[in-house]
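K.L.:
This is what each chain is made of:
Number of protein chains: 2
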Amino acid sequence: MPYTVNIKSHKKTLRANKSDTLVDTIQKAGINLSVYCDRKGVCGKCFVEILEGALPPPSKNEKYLIEQKKYPPNYRLACLYRIKGDIRINIPEESILQEAVILTSGLRSAVPVHPAVKKFHLQLPKPEISVPLSLMEILERHLKKKKLQAPSGLLRNMGRVLEKSKYNVTVVTYKDKDLLDIESQNTQALNYGLAIDIGTTTLALELINLNTGETMGFTTSLNSQSIRGADVVSRISYSFKDMKKLDKLRDQIRDDINSMIDELLKKTQVDPIHVYDCVVAGNTAMNHFFLGLPADTLAIAPYHSVFSCLPELSSRELGLRINSNAKVYIAPNIKSFVGGDISAGLVASDLAQKKGIYLFIDLGTNGEIVLKTEKEIIATSTAAGPAFEGMKISCGMLALPGAIYKAKFEDKLKTYTLGNKPAKGICGTGLIDLIAIFLELGKVAPSGKINGKLKKILIRNKIFISQNDIREMQLACAAIKTGIKMMLDEHHLTKDRLDGIYIAGAFGNYLNIKNSMKIGLLPRIDQDKILFIGNASLAGAKNMLVSAESRKIIENLVRKIRFVSLASRPSFQQRFVEALEFSSTL
Amino acid sequence: MPYTVNIKSHKKTLRANKSDTLVDTIQKAGINLSVYCDRKGVCGKCFVEILEGALPPPSKNEKYLIEQKKYPPNYRLACLYRIKGDIRINIPEESILQEAVILTSGLRSAVPVHPAVKKFHLQLPKPEISVPLSLMEILERHLKKKKLQAPSGLLRNMGRVLEKSKYNVTVVTYKDKDLLDIESQNTQALNYGLAIDIGTTTLALELINLNTGETMGFTTSLNSQSIRGADVVSRISYSFKDMKKLDKLRDQIRDDINSMIDELLKKTQVDPIHVYDCVVAGNTAMNHFFLGLPADTLAIAPYHSVFSCLPELSSRELGLRINSNAKVYIAPNIKSFVGGDISAGLVASDLAQKKGIYLFIDLGTNGEIVLKTEKEIIATSTAAGPAFEGMKISCGMLALPGAIYKAKFEDKLKTYTLGNKPAKGICGTGLIDLIAIFLELGKVAPSGKINGKLKKILIRNKIFISQNDIREMQLACAAIKTGIKMMLDEHHLTKDRLDGIYIAGAFGNYLNIKNSMKIGLLPRIDQDKILFIGNASLAGAKNMLVSAESRKIIENLVRKIRFVSLASRPSFQQRFVEALEFSSTL
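Residue numbers (our numbering), protein chains in the order written: chain A, 1 to 586; chain B, 1 to 586.
Rather than coming from a laboratory, the hints here were simulated on the basis of the structure. Don't take each hint at face value.
Pairs involving identical chains hold if they fit within one copy or between any two copies, as the list cannot separate such chains.
Claimed, not checked - Below, computed lysine-lysine pairings styled on DSS-like, alpha-carbon distance capped at 30 Å:
| # | residue 1 | residue 2 |
| --- | --- | --- |
| 1 | K424 | K529 |
| 2 | K175 | K518 |
| 3 | K443 | K60 |
| 4 | K166 | K354 |
| 5 | K552 | K177 |
| 6 | K443 | K552 |
| 7 | K245 | K166 |
| 8 | K552 | K414 |
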């Protein structure tokens, strides 16, 4: 005979059988209770107020926690409470699982806060002479875990910390199996992680409060590896079969990240020892360089990487200036040039969970395209060349202050610069706008040829577009266009079947959809279906930091994604040539 | 309807059902087939000859292996063969699982060779452009393992080794989950491990062939920590709350072990990079020092250690001069002063599997006593003082050349020295013989008092026994005697219920049973029940090296052993005083 559980705070009445735990009953009803310690009665996060019904005497730990938290005596842990009759309860706000809101430009996703790192405040009993447990055994018993792993340095200091704190400590665990640290007194509130995006050109870093999922600070910086070459291929060439040069690239990226960490922690007044977890997302070459692994095999056929998924590493091994036992998780590479930035992007866009047919495109020197159908997910990468990043363009530049990033034609040509600074050059989005305008005005033919005798078109002062610049953009667009076309073909789909296109990359923020369609970069579909999601790599890294579960999900997904090799298809060349025409459509 | 499987080589006929694998059928019949790769058809160790019956076409890998091993075409892997009708087979000698014979002085146990480290020779396909798997994925697929973990250094060199060897490599795995190394060509035959016994006074090291379980070499050395104090307590005092001194002790022991490794590998002409696994057994203080962990808490009540079981460490972390990715496993501590030497001893004596009631005693400065009954295993340690090791004795010395280790009285006193060298002093066993003789002759009273006016008894030249020396031995014997008595009492047993006593420690080899009983060190039971097992710590370490399974077994056992604290029992003092009388019996 089932009993009733009335939840006053949520105005719900549930049914439960004898001996069901209260936590399961509440969870089943769709109320997300905070269960931090896997229902072991240790963490004290799932307290509820028993208004009516049986009130069993509190366990030793419950009693301690009720005193600590100054709760009324009718509070009990839902994970320990077994239903024996009808009850009426209240669920306090703080026992509801928090969700972190993760923003990318176009997406806003709420992620339940379930970090890999947890902190438990414990008042431990001293070992007894009659049962002289080891210090590790005492911790294991109190956390109700078997076989916790602790690094040597931690084992070395454990006795001292316990003695000094009189066994009043906060222990830091990772994935419920590793012990990361043991700290005097209650430091539960100080629990941080870093989301790190390693771009070929730009690095971005976000400091996250792992208890709440909140962003505490953000910083970006240029990747100093750029002095060894602006693009991935030139950096691979630089370090080709040369471990010393590889080490230089590794050290450069690590130094960059450490400087950013120092700056961010100083600004937010967070102690480095309270940073316990990092998620690093970067393209395959970048994560190889960050780890000091040769990327040589990425540069020559059959273009393969050294690893796809890696278990978490330690910050000590990587030389990051945070807690030396902190973990560093590398977002998995999908295949070759479809790297961790894309797998992180898939996490951020939640693509795998979507119903329908979606494209995910990351526009850059290397264009990655992922197609999600109802049947499977396929991925490819296509070499677009550096035009989107303003490289190899006569007056081209990165999207930095002074770059013409936008243009309009209303009676006359109007151009806009980033930061409203005097124009220094043209970045990728600006070039797309300009070419679209000149196509419309007939100054440039659909074949890409500049009409008339001139070999270049003057834009402003000394800034111009050359015939060659247009050819570069044609190549870039054709690469993406061919990629999209062949991915759709793989499932015999047309562009009209698409339910949406996600466009990732900082680039996306300034991209004009109409103009992109005019020059054939994007397929002509309903504009509302196109969503710019900005730095999806960083957003995905943050998501994986806040929710350890999403790491498992993406690792399983990555193994299932099928890679489509465009270059090895016989039709590729012909299609590519066809796609060079600006007016050619999908 | 079951089919018959006739095994010509073993003169057995078995029954099997349709689709049973041949390997399972053979194993069930008690024939230990070698199944090295967990039935995945990878290792090629379980080949059988199909004499009659269905002969399915070989798999790609089977075909490769048959060619490699020059087997006749009717050989098939038993793990891949599914029974479809009556068959007749031959099992070649090399497909039977080898067993390693592990010797201690009194025990000879056969351990199935199932090391944690395995080597697989693979001819890998190159990555393909259409399915550009990462190098790690290629290895995982070929080993049929998911999520292999590889250290960074290995990932770094992997591409180079594969390229140079033309994808013809031997991979080294640990517990089927870690990748330890990747080597050019076939190096399967070169697979070694080290069993290391860290004694307070002496270190012992054995090099083992992990493919066969054979001992390749053996060496011993004195523990140079001795200059910081002969016993454990003085070394703990030396390093008490002083991390720098702790580091000195750590470095001393590691330097000693590295010198022994160098010597042993040179002698046996084994390359250090082919040593992939170590098992270290030592008492709690010694394993703490080896790991650089403070042993302070072992010296003051409630006498607890930092750890009991540890996951395997890396040789890189410990600075051992073998393969830098090699694993180092520390035999688990049972409790406080019942350390890894005792858990290794329990493995060597196979105590837990024995039917009946057994004592395991390690005689030393610290006497460890383990009692195994039909119900449970209990353990204790008792401070015997240094008399057994010849310390604090006027003319005492360690059991080194020149020590009187044995004495008889046949008309007159006869003494024997180790190495037949001129007598320099008396070691523990010699002292026991001498006291027993003088007790018998009435020169010493049962109370321990030297009869007559003399305060000392001259033995030979300037070597004598003083009243104080006898007192020291009385204390040592009383500690052991009380320990044994209280352990038996715990289960209301008398000595006559004992089915056997194992005596561990190098000391045991020279111990005279009759004399030990006379002075009350050992209980008076049937002499045949007393077994000296010598260095059981080293034998146990070797066992755990050869059989990874025994590590799991001992870890589970250690958690279940109940510690009996003698000193905290109110009856301890009174019993100890009673036991001081040489003639007092259990």
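K.L.:
Evaluate each hint against the coordinates.
P.N.:
Hints, verified against the model:
Within a single copy, K424 and K529 get their C-alpha atoms no closer than 34 Å, and across copies no closer than 96 Å, so neither meets the 30 Å cut-off. Taking identical chains as interchangeable, the C-alpha atoms of K175 and K518 are never at most 30 Å apart, the minima being 50 Å within one chain and 58 Å between chains. For the identical chains of this complex, K443 and K60 are neighbours neither inside a copy (82 Å) nor across copies (62 Å), given an alpha-carbon limit of 30 Å. For a Cα distance limit of 30 Å, the shortest separation of K166 from K354 qualifies neither inside one copy, at 52 Å, nor across copies, at 44 Å.
Taking identical chains as interchangeable, the C-alpha atoms of K552 and K177 lie at most 30 Å apart whether they share a chain (16 Å) or sit on different chains (18 Å). Neither within a single protomer nor between protomers do K443 and K552 lie at most 30 Å apart by alpha-carbon distance, with minima of 53 Å and 78 Å respectively. With identical chains, the CA atoms of K245 and K166 are at most 30 Å apart between copies only, with a shortest distance of 25 Å across copies and 50 Å within one. Within a single copy, K552 and K414 get their C-alpha atoms no closer than 49 Å, and across copies no closer than 75 Å, so neither meets the 30 Å cut-off.
Against the hints set out earlier in the document, violations occur for numbers 1, 2, 3, 4, 6 and 8.
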